[in-house]
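Since the structure of chain A is provided, determine the placement of chain B on it from the hints.
Chains as they are written, first to last, in the working numbering: chain A, 1 to 85; chain B, 1 to 190.
Treat each hint with caution, since some may be false.
To be verified - Partner residues are not named here, just some residues of chain A that face chain B (Cβ under 10 Å, in silico):
#  : residue
1  : Lys32
2  : Glu33
3  : Phe34
4  : Asn35
5  : Ser36
6  : Leu40
7  : Leu41
8  : Tyr43
9  : Thr48
10 : Pro51
11 : Ile54
12 : Leu58
13 : Ala59
14 : Glu65
These aren't lab readings, by the way, just hints derived from the structure by calculation.
On a predicted model such as this, the values are computed, not experimentally measured, just so you know.
All C-beta atoms, glycine included, are put in the ideal place defined by N, C-alpha and C.
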Amino acid sequence: MKPERKLSFRQQTNEEQQARVAETANTVENAKEFNSAEELLRYDAAQTPVPAAIAQRLAASTQVESANKNAGKPDPGPWWKRFLR
Amino acid sequence: MNSIVNEPLESRECLRPRPDELGSSGFAELYAQNSQAIYYLALRLLSDPQKAEDATHDVFLKAFRKLDQFRGDASVRTWLYRIAINHCHNLKQAWQERHLFSNADESIWDTTPARTDSPLRALETKELGQRIQKTLDQIPSEYRLLLLLLADKELSYQEIAGLTEQSVDAVRGKIHRARKAFAAAFNQTA
Numbered sequence: 001m002k003p004e005r006k007l008s009f010r011q012q013t014n015e016e017q018q019a020r021v022a023e024t025a026n027t028v029e030n031a032k033e034f035n036s037a038e039e040l041l042r043y044d045a046a047q048t049p050v051p052a053a054i055a056q057r058l059a060a061s062t063q064v065e066s067a068n069k070n071a072g073k074p075d076p077g078p079w080w081k082r083f084l085r
Numbered sequence: 001m002n003s004i005v006n007e008p009l010e011s012r013e014c015l016r017p018r019p020d021e022l023g024s025s026g027f028a029e030l031y032a033q034n035s036q037a038i039y040y041l042a043l044r045l046l047s048d049p050q051k052a053e054d055a056t057h058d059v060f061l062k063a064f065r066k067l068d069q070f071r072g073d074a075s076v077r078t079w080l081y082r083i084a085i086n087h088c089h090n091l092k093q094a095w096q097e098r099h100l101f102s103n104a105d106e107s108i109w110d111t112t113p114a115r116t117d118s119p120l121r122a123l124e125t126k127e128l129g130q131r132i133q134k135t136l137d138q139i140p141s142e143y144r145l146l147l148l149l150l151a152d153k154e155l156s157y158q159e160i161a162g163l164t165e166q167s168v169d170a171v172r173g174k175i176h177r178a179r180k181a182f183a184a185a186f187n188q189t190a
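Same shape as in the complex, but just chain A (with noise of 0.2 Å):
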C-alpha cells in the first residue's frame, strides 16, 4: 500500500509540474512586447471601452440644451455665476 501511496503522491506531483509549465508556457505565449510607452498606451487605449453611459447622458444633455435653445432661455451660464448674481 505505502509505494502505491507513494506513487500516486508522485503522479500527483508530476500532474502540479506539467500543469505549471503548461501555465508558464501560457503565460509567455500571452506576454506582449512594446517597443516604447507611446505604443503601450496604444495597445491599453484601445483595449479600453468607452463607457455606453456617457452617450446616453450627453444625448438627453444637448437635448435639454437644444430645447432651452429653441426657447430662446439664455445659457445659466456657471453655478457660482449664477449664486454671485
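Coordinates of chain B only, in the frame set by chain A:
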C-alpha cells in the same frame, strides 16, 4: 515586429473637417470619432473611471455649446483635447487644493537609470491597465500628458507642442525623458 511607433508623426493624417461640417447633426459623428481618445485621456489623467466618465460627458457638452466658436484652424481632435486637458487640470487642481496633495520629487525620474531601447514586457491580463495607471501616476504630470498625446496617432508633434504650449524641439527632448521615466517606473511596478 512591425512597429507603428517608427512611423513619423508628421506624416500622420489629421482630422480636419470644416466648421460648417459640425452642425448638431454631425455632433454624433464627432462623438463617435473622438470619444475613445477623450475618455482614455481623462481616465489616465484622473486615475478614476467614474471621474473620467463625468469629465468626458462635460468635455463633449462644452464642445456642443461651443461648436459655433470652433474656427477650424486646428483639428477637431486637437480642439477637443484642449477642452479636455483644461477640464481635467481644473478638476485635479480643485481636488489637490481640497486634499493638500503634493507630488513627490519629480526630478528623480531624470536621473533614474532606464533603457528606452529595450522593449516593455507585459502580460496580457486585466491588470495591465492598473499597472499602466500606477506607472503614469508615478511620473511627472508633464511627461504623463506628453506620452498620452503621443500615443494618439492623429496628433503631430506640432499639435502636441501647441496643446502643451511649448516648442516642437522642447517636446522632442521631453518625450525622450518621458519615455525613460515611464520605462523606469513601469519596470518597478512589475
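To see whether the hints hold, each was checked on the structure:
no., hint, verdict
1, Lys32, "holds (5 Å)"
2, Glu33, "holds (4 Å)"
3, Phe34, "holds (4 Å)"
4, Asn35, "holds (5 Å)"
5, Ser36, "holds (5 Å)"
6, Leu40, "holds (5 Å)"
7, Leu41, "holds (4 Å)"
8, Tyr43, "holds (8 Å)"
9, Thr48, "holds (6 Å)"
10, Pro51, "holds (5 Å)"
11, Ile54, "holds (5 Å)"
12, Leu58, "holds (5 Å)"
13, Ala59, "holds (9 Å)"
14, Glu65, "holds (6 Å)"
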